[in-house]
Amino acid sequence: MTAATTTFRWREPSILPGFGLALGITVTALSLIVLIPLAALFLKAASAGPADIWAVATSPRTLAALKLSFTAALFAALVNAVFGLILAWVLVRYEFPGRRLIDAAVDLPFALPTAVAGISLAAIYAPNGWVGSLLAPLAFKLTIPFTDLSFGFDGKVAYTPLGVMVALIFIGLPFVVRTVQPVLEELQSDVEEAAALLGASRFRTIFRVILPQVLPALMTGFVLAFARAVGEYGSVIFIAGNVPMLSEIAPLLIVIRLEQFDYAGAAVVATMMLLISFALILAGNLIQARARRRFGDV
Amino acid sequence: MSDATLPSAAATPPRSASRARSESPVVQVALIAISLAFLLLFLLLPLVTVFVEAAAKGWEAYRAAITEPDALAAIRLTLLVAAIAVPFNIIVGIAAAWAIAKFEFRGKDLLISLIDLPFSVSPVISGLVFVLLFGAQGYFGPWLQANDLKIVFALPGLILATVFVTFPFVARELIPHMQSLGSADEEAALTLGASPWRVFFAVTLPNVKWSLFYGVLLCNARAMGEFGAVAVVSGKIRGLTNTMPLHIEILYNEYMGAAAFAVASLLAGLALVTLVLKTLLEWRYGDAIAASGRH
Chain A
1 MTAATTTFRW REPSILPGFG LALGITVTAL SLIVLIPLAA LFLKAASAGP ADIWAVATSP
61 RTLAALKLSF TAALFAALVN AVFGLILAWV LVRYEFPGRR LIDAAVDLPF ALPTAVAGIS
121 LAAIYAPNGW VGSLLAPLAF KLTIPFTDLS FGFDGKVAYT PLGVMVALIF IGLPFVVRTV
181 QPVLEELQSD VEEAAALLGA SRFRTIFRVI LPQVLPALMT GFVLAFARAV GEYGSVIFIA
241 GNVPMLSEIA PLLIVIRLEQ FDYAGAAVVA TMMLLISFAL ILAGNLIQAR ARRRFGDV
Chain B
1 MSDATLPSAA ATPPRSASRA RSESPVVQVA LIAISLAFLL LFLLLPLVTV FVEAAAKGWE
61 AYRAAITEPD ALAAIRLTLL VAAIAVPFNI IVGIAAAWAI AKFEFRGKDL LISLIDLPFS
121 VSPVISGLVF VLLFGAQGYF GPWLQANDLK IVFALPGLIL ATVFVTFPFV ARELIPHMQS
181 LGSADEEAAL TLGASPWRVF FAVTLPNVKW SLFYGVLLCN ARAMGEFGAV AVVSGKIRGL
241 TNTMPLHIEI LYNEYMGAAA FAVASLLAGL ALVTLVLKTL LEWRYGDAIA ASGRH
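Just so you know, the protein sequences line up as chains A and B, in that order. For the first sequence, position 85 matches number 85 in the numbering used here, and the numbering has no gaps at all. For the second sequence, position 174 matches number 174 in the numbering used here, and the numbering has no gaps at all.
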């Protein structure tokens, strides 16, 4: 590189017109609609003062809501990762009647408004609903002998943390399927055939040859489903029952604080949610980048 | 790979290449059954339930629920908000795609990430930020009150919140498509003497029209169905600031389930139309729609 070209140039020359106008519109709209309002959120949270921030952030109700939102989102994303992978595999590899219809139906959660999904799921999983009434007799409780530890299922899904998970599974499924599907479609068949011809069992081929290639995409889908689930509101609040400390999600707590005109409290909870999910998304991206380096970019 | 990790070819006879890439029929049927059961339980059942519950009290009740004044006002408001928010995002989306796909500049990756940012923000927070700015105790609240202007609990707030949550949709579909097309067509048209706007309308726009339509379709579905963000800024004043999703919530909470599902069935119908159009676009113009169905 010569001295003449090392002078700072922030964009490559082009004969196309309109760069200034296009970038101007984009940056102005982005700043006014997204960046400045988000900055106002952080400013409001910070203006509460350290003592108030600490009080809101460590109140049992805030911690319970955050814990529910993040754990339910995590479990829902795990369920989606497993079933989304199976679904993507079935859609890419097998021929069966109705395959294209089912392929199209996977996107339903993107298209169906969350409030519609919410009241519908609540109706289905309520104790007198189609599925809820079937689950009620399945209630059980097991106590581990000689301890106080017990676990069980009281037959209720709606109005419990399980209901929250059902809604989050609904909302997150397409993220996994739609990120894994294109990767499965582009897999080269020769590696698989080579593995089989070398005598590897089909099971072994899937777990040692195919899965490693799909893993980065699966993780991307998992992170997307998780991120969406953490902030989800509309599909959850109808089925959750919204009992404080038990089935109250963090976004709902923000709404409740706002309705009490506790702007600073709402801003603190919102900021905590955003910071935790940004950190998790970043961590997910880093893990994924490592996986890509290890298994190759597919 | 060492000999120890794989059984020798003699121990397991090599299978034909076609069998090598598929599972046994039993496994196939089992996996298909698992997939179908999962979809039936989690996706199709909720959709069917909307229509079954909407029809539960008969046609007259259904008609009454969607033609009562508050419902009609909610439908009109939903259409109005989408009619302003979607064109706004079309213009910004096209501008963003033009700048990002046709030019090389520093900070481009950051700009792309920032455009996608609203996808990682909870809808409730997307509404909250505007209450913090324009609400009664917000940063601009006192000034707005002094000048008798209303943003939160009024139409402008609903539009702002809707624009926020649908901000990335159009840009996201256009950017990868315009990047893959390159700039050769536009450069040729310019060299032949076409004006910049002519180049855009006669060359670029026709090239990307299907991915633009695809983005608009998804943007519109989200704009009309958005709940969390508008719930926070609307104030839920019946007949005035209630959109269709908010009207559904109020009816449901007042134990008017059949009426709630009747209004919900309209939005479910919109979702089905969106899905059908989206699927047709993917089948017909799949190559153009690069980032299909990510959000």
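Among these hints, one or two may not hold up.
[Stated by the list, open to error] Pairwise CB distance ranges (calculated): (1) A:Thr143 / B:Leu79: 53 to 59 angstroms; (2) B:Tyr285 / A:Trp130: 36 to 42 angstroms; (3) A:Gly98 / B:Ala56: 55 to 61 angstroms; (4) A:Pro182 / B:Glu104: 24 to 30 angstroms; (5) A:Trp130 / B:Pro142: 50 to 56 angstroms; (6) A:Gly98 / B:Pro142: 36 to 42 angstroms; (7) B:Trp197 / A:Leu32: 20 to 26 angstroms; (8) A:Arg100 / B:Pro206: 41 to 47 angstroms; (9) A:Val191 / B:Ala61: 56 to 62 angstroms; (10) B:Leu155 / A:Lys67: 46 to 52 angstroms; (11) A:Gly98 / B:Gln179: 34 to 40 angstroms.
If you are wondering where the hints come from, they were derived from the structure by calculation, not from laboratory data. Glycine is no exception: its CB is placed at the ideal position from the N, C-alpha and C atoms.
Practice problem: Using the beta carbons of Val191 of chain A and Ala61 of chain B, state whether their distance is inside 56 to 62 angstroms or not. | Solution: About 60 angstroms separates the Cβ atoms of Val191 of chain A and Ala61 of chain B, which means 56 to 62 angstroms holds.
Exercise. Given the range 53 to 59 angstroms, decide if the beta-carbon distance of Thr143 of chain A to Leu79 of chain B lies inside it.
Key: Once the Cβ atoms are compared, 57 angstroms apart, the range 53 to 59 angstroms for Leu79 of chain B and Thr143 of chain A holds.
Quiz item: Is the distance from the Cβ of Arg100 of chain A to the Cβ of Pro206 of chain B consistent with 41 to 47 angstroms?
Solution: violated (29 angstroms)
Quiz prompt | Cβ separation of Gly98 of chain A and Pro142 of chain B, checked against the hinted range 36 to 42 angstroms | solution = At 60 angstroms between Cβs, range violated.
Self-check item: Status of the given 24 to 30 angstroms range, CB of Glu104 of chain B versus CB of Pro182 of chain A
Solution: Once the Cβ atoms are compared, 27 angstroms apart, the range 24 to 30 angstroms for Glu104 of chain B and Pro182 of chain A holds.
Quiz item: Is it true that Leu155 of chain B and Lys67 of chain A lie within 46 to 52 angstroms of each other by Cβ?
Solution: violated (37 angstroms)
Self-check item: Beta-carbon spacing of Tyr285 of chain B to Trp130 of chain A - inside the hinted bounds 36 to 42 angstroms or not
Solution: holds (38 angstroms)
Quiz item: Using the C-beta atoms of Gly98 of chain A and Ala56 of chain B, is the stated range 55 to 61 angstroms upheld?
Solution: violated (28 angstroms)
Quiz item: Should the hint that Trp130 of chain A and Pro142 of chain B are 50 to 56 angstroms apart at their CB atoms be regarded as holding?
Solution: For Trp130 of chain A and Pro142 of chain B the Cβ distance comes to about 52 angstroms; the hint holds.
Quiz item: Regarding Trp197 of chain B and Leu32 of chain A, is the given constraint of 20 to 26 angstroms on their beta-carbon distance met?
Solution: With Cβ atoms ~25 angstroms apart, the hint holds.
Quiz item: Would you say the C-beta atoms of Gly98 of chain A and Gln179 of chain B sit inside 34 to 40 angstroms of each other?
Solution: holds (35 angstroms)
Taken one by one, the earlier hints fail for this structure at numbers 3, 6, 8 and 10, listed in ascending order.
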